[in-house]
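Q: For reference, the chains in residue letters:
Number of protein chains: 2
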Amino acid sequence: MLYAVVGKDPAKKTVLIYGHLDVQPADIHDGWNSEPFQLVERDGKLFGRGSTDDKGPVVGWINVLEAFRANKIEIPVNIKFCLEGMEESGSLGLEESLKANREKMLSDVSFTCISDNYWLGTKKPCITYGLRGNSYYCIEIIGSKQDLHSGVFGGALYEPMSDLVWMMSQLIDLNGKILIDGVYDMVPAVTDAERALYENIDFDEASSYQLNITHNKETIHLLKNEYRESVGAKKLMKSSKVELLMSRWRNPSLSLHGVEGAFSGVGAKTVIPSKVIGKFSIRTVPNMDIHKLDKLVYDYTDKKWKERGSPNQFKCYIYHSGPYWLTDPKHPNFQCGARAIKRVYGVEPDYTREGGSIPITLTFEELTAKNVMLLPMGAGDDMAHSQNEKIDVRNYMEGTKMLAAYLLELGTI
Amino acid sequence: MLYAVVGKDPAKKTVLIYGHLDVQPADIHDGWNSEPFQLVERDGKLFGRGSTDDKGPVVGWINVLEAFRANKIEIPVNIKFCLEGMEESGSLGLEESLKANREKMLSDVSFTCISDNYWLGTKKPCITYGLRGNSYYCIEIIGSKQDLHSGVFGGALYEPMSDLVWMMSQLIDLNGKILIDGVYDMVPAVTDAERALYENIDFDEASSYQLNITHNKETIHLLKNEYRESVGAKKLMKSSKVELLMSRWRNPSLSLHGVEGAFSGVGAKTVIPSKVIGKFSIRTVPNMDIHKLDKLVYDYTDKKWKERGSPNQFKCYIYHSGPYWLTDPKHPNFQCGARAIKRVYGVEPDYTREGGSIPITLTFEELTAKNVMLLPMGAGDDMAHSQNEKIDVRNYMEGTKMLAAYLLELGTI
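Chains A and B are the protein sequences, given in the same order. 1 is the number of the first residue of the first sequence in this note's numbering; add one for each residue after it. 1 is the number of the first residue of the second sequence in this note's numbering; add one for each residue after it.
It should be emphasised that the hints constitute simulated quantities derived from the structure, not laboratory data. Treat the hints with care, since some could be wrong.
The list cannot tell twin chains apart, which means a pair is met if one copy fits it or any two copies do.
[Stated by the list, open to error] Restricting the straight-line Cα-Cα distance to at most 30 Å, the calculated cross-link-like pairs of lysine-lysine (DSS-like) are:
no. : residue 1 : residue 2
1   : K275      : K304
2   : K145      : K99
3   : K235      : K306
4   : K238      : K306
5   : K145      : K292
6   : K123      : K234
7   : K401      : K45
8   : K238      : K72
9   : K123      : K99
10  : K235      : K275
11  : K45       : K145
12  : K304      : K238
Kindly produce the complete structure, drawing on both the sequences and the hints.
A: Okay, structure coming up:
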């Protein structure tokens with residue numbers, strides 16, 4: 001963790017700014033068009049691992065400080081920076097460090113601002129007031145002491161990979177329904193008011209947004225196809241705007257990430273893997289209790305393992321988890337963010353929720369007991385965690401101005 | 001391919017000796033107790049990748065030549081060595097090279113001897129007259145243009161990993177039965193005579209062999225447990241000696257090897273893999289036609305894919321295949337092998353088949369139109385293709401003597 005203080009004026013309010021310097025793994029052989037760890041500009045976009053998640057926004061904040069200093073403008077708030085290096089690994093140790101230094105680091109914080117998520121589409125800025133959580137699980141199956149030759153041993157043994165693909169196939173159905181008993185019981189039914197909120201999400205001002213879906217059916221179709229095509233999928237899981245947004249924001253989802261211990265290289269290896277670990281995670285939403293979820297997962301996988309009837313060794317365990325987050329988007333902190341966006345982009349922001357988790361959001365809310373706002377710099381097609389991650393030059397430049405304007409707005413409170 | 005000629009006496013017969021110098025991948029982090037590419041002796045065993053598969057036997061042949069030379073003993077046959085470097089990759093190019101040089105290299109060959117497989121157990125030598133073939137397949141599923149963040153996209157898309165684990169779970173049941181329609185129709189039913197052959201496999205002389213199963217039920221149980229424990233499995237797939245041997249020698253089997261394109265590392269990555277390739281292979285036996293098998297696999301996976309109903313892109317294809325092999329164990333070549341074993345080990349060999357494939361066996365049989373014998377040096381617990389591959393010092397020393405004795409026996413024909 002890098003902790004830095006800019007300004008200690010007791011007459012000013014203090015804003016805490018969080019960002020992270022670590023990134024997801026990347027290798028040019030995964031399908032990058034250029035070296036992932038060498039920033040390259042092409043067609044108005046800056047490509048490179050971390051360009052949008054989250055080095056770009058962090059550099060933006062530093063540019064803001066440089067700009068204030070170069071123009072001899074007084075920053076109207078004190079700033080505390082908290083930049084960490086373990087965000088992509090569950091922010092290990094960060095919460096403990098913050099708790100241990102709570103009085104010194106956090107006691108005078110009035111607001112927190114985090115720029116580590118993305119716009120809904122590619123053109124219109126937004127402010128985010130909710131995040132899904134994430135609970136990451138492993139299913140481990142062991143069949144023999146060591147990997148075996150499939151010619152010599154094939155047909156003689158119960159093979160762990162057969163068990164694992166079967167177990168993984170029991171977690172989710174074709175249409176994305178989580179098959180683990182009791183998961184949906186923790187998620188409140190959609191009220192009419194909530195549905196209206198989604199129905200009324202205002203995309204009218206910018207007809208070309210990626211996810212801009214108006215009440216005009218034709219436009220809906222066109223723009224859903226744009227979203228679909230931007231990810232290269234043949235078909236989306238949901239057919240209406242409301243269902244699609246709810247799938248990403250307010251409903252849980254389960255993804256199968258991969259298998260550790262089996263053959264994963266290019267080409268052929270005639271191995272019977274002895275120990276395989278299937279990885280999956282569940283995105284969590286209000287009011288899913290993560291400990292109760294763990295129990296549901298263990299109970300269900302135990303039940304399925306009994307149903308399978310394999311003599312191999314099985315265990316299912318949580319790897320890490322972070323809870324969901326939801327706050328009040330009418331708070332003055334959010335109003336400052338909205339005014340900053342209006343100043344730079346000339347539009348009112350959309351108020352969004354996000355599918356991804358930033359567990360530290362909740363930590364800051366708890367430890368400061370003050371409002372936390374997510375003010376994204378990047379666009380919805382930035383491909384964080386994926387190949388060819390990028391940030392648009394426009395987002396980087398205007399986004400930096402937005403961050404500066406936000407600091408100025410905070411001074412008016 | 002390394003090709004070497006030792007002796008060109010037209011009065012002598014010529015034996016072709018095959019071995020390979022390449023090995024399976026290995027990494028100490030896979031669970032080796034010492035560096036896989038550094039030969040280490042522990043407890044009378046030589047540990048290292050290739051120690052038994054197949055560098056050990058190749059070095060044995062070289063030691064034989066050295067011994068004949070040092071003792072000024074005339075080798076009673078001409079020898080042609082064919083040592084290749086692509087065996088673990090489907091012997092790419094070898095058959096073409098042999099065909100192109102058939103007249104020069106193979107026209108005067110009287111016998112072929114290959115030492116590239118293993119004893120049934122750990123104490124008693126054997127000669128092998130049959131091998132299963134192998135057909136290696138890939139199931140490829142593509143959902144999006146690139147990997148996606150499971151937080152941002154989880155719930156919006158049909159994820160390829162969900163499809164893949166389901167497809168892979170449809171290939172084989174818990175008890176190892178291949179679910180692909182028509183596969184077993186190509187395998188002749190077991191006749192009474194064939195069953196008697198398996199029932200009568202003589203293990204009486206050596207009660208402590210790994211797979212030594214006598215007609216005494218108690219011994220059967222004890223020794224099956226030894227085999228089971230040597231691989232560390234909690235339970236074997238078959239409960240009788242005959243069923244177990246048939247599973248490994250005369251019945252097809254299907255193994256799931258792994259997944260390419262998904263997350264395979266240690267720890268957690270919250271990725272939705274965009275393109276995943278499931279790898280599996282089928283061990284083939286008489287009378288399975290490999291081209292007909294391909295068609296059955298394609299038809300079945302196509303049928304299952306339709307049943308799945310996913311909008312993602314799917315294809316199934318063969319990666320490589322080699323057919324099964326079966327020959328006459330009463331041929332003079334085998335008799336020389338048996339006499340060599342008797343001279344060195346003092347016992348009659350078992351006559352075995354093997355579960356693994358050595359496709360080149362069939363190539364030599366076809367191109368020389370002469371008998372091919374498999375004369376193994378290594379033991380059944382050598383763990384070829386696995387972690388901690390080894391060859392016992394006894395097998396290496398006595399096996400080398402056996403190879404020398406075999407050359408002498410050939411001179412008596």
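Q: Indicate, hint by hint, whether the structure satisfies it.
A: We went through each hint and held it up to the structure:
Taking the shortest alpha-carbon separations for K275 and K304, both the intra-copy value of 19 Å and the inter-copy value of 27 Å come in at or below 30 Å. Taking the shortest Cα distances, K145 and K99 never come within 30 Å of each other, neither inside one copy (43 Å) nor across copies (42 Å). With identical chains, the CA atoms of K235 and K306 are at most 30 Å apart between copies only, with a shortest distance of 16 Å across copies and 35 Å within one. In the homo-oligomer, the alpha carbons of K238 and K306 lie at most 30 Å apart only across protomers (20 Å), although the nearest pairing inside one protomer, at 34 Å, exceeds that limit.
In the homo-oligomer, the alpha carbons of K145 and K292 never lie at most 30 Å apart, since the shortest distance is 34 Å inside one protomer and 36 Å across protomers. When the C-alpha separation of K123 and K234 is checked against a cutoff of 30 Å, the pair qualifies only within one copy, where the shortest distance is 24 Å, while the shortest distance between copies is 58 Å. Taking the closest pair of Cα atoms, K401 and K45 come within 30 Å of each other only inside a single copy of the chain (18 Å); across copies the shortest separation is 69 Å, beyond that limit. Taking CA atoms no more than 30 Å apart as the test, K238 paired with K72 passes in neither setting, with 52 Å inside one copy and 82 Å between copies.
For the homomeric pair K123 and K99, neither the shortest alpha-carbon distance inside one copy (38 Å) nor that between copies (64 Å) is at most 30 Å. Taking the closest pair of Cα atoms, K235 and K275 come within 30 Å of each other only across two copies (15 Å); inside a single copy the shortest separation is 35 Å, beyond that limit. Within a single copy, K45 and K145 get their C-alpha atoms only as close as 50 Å, which misses the 30 Å cut-off; across copies the closest is 18 Å, which meets it. Taking identical chains as interchangeable, the C-alpha atoms of K304 and K238 lie at most 30 Å apart whether they share a chain (28 Å) or sit on different chains (23 Å).
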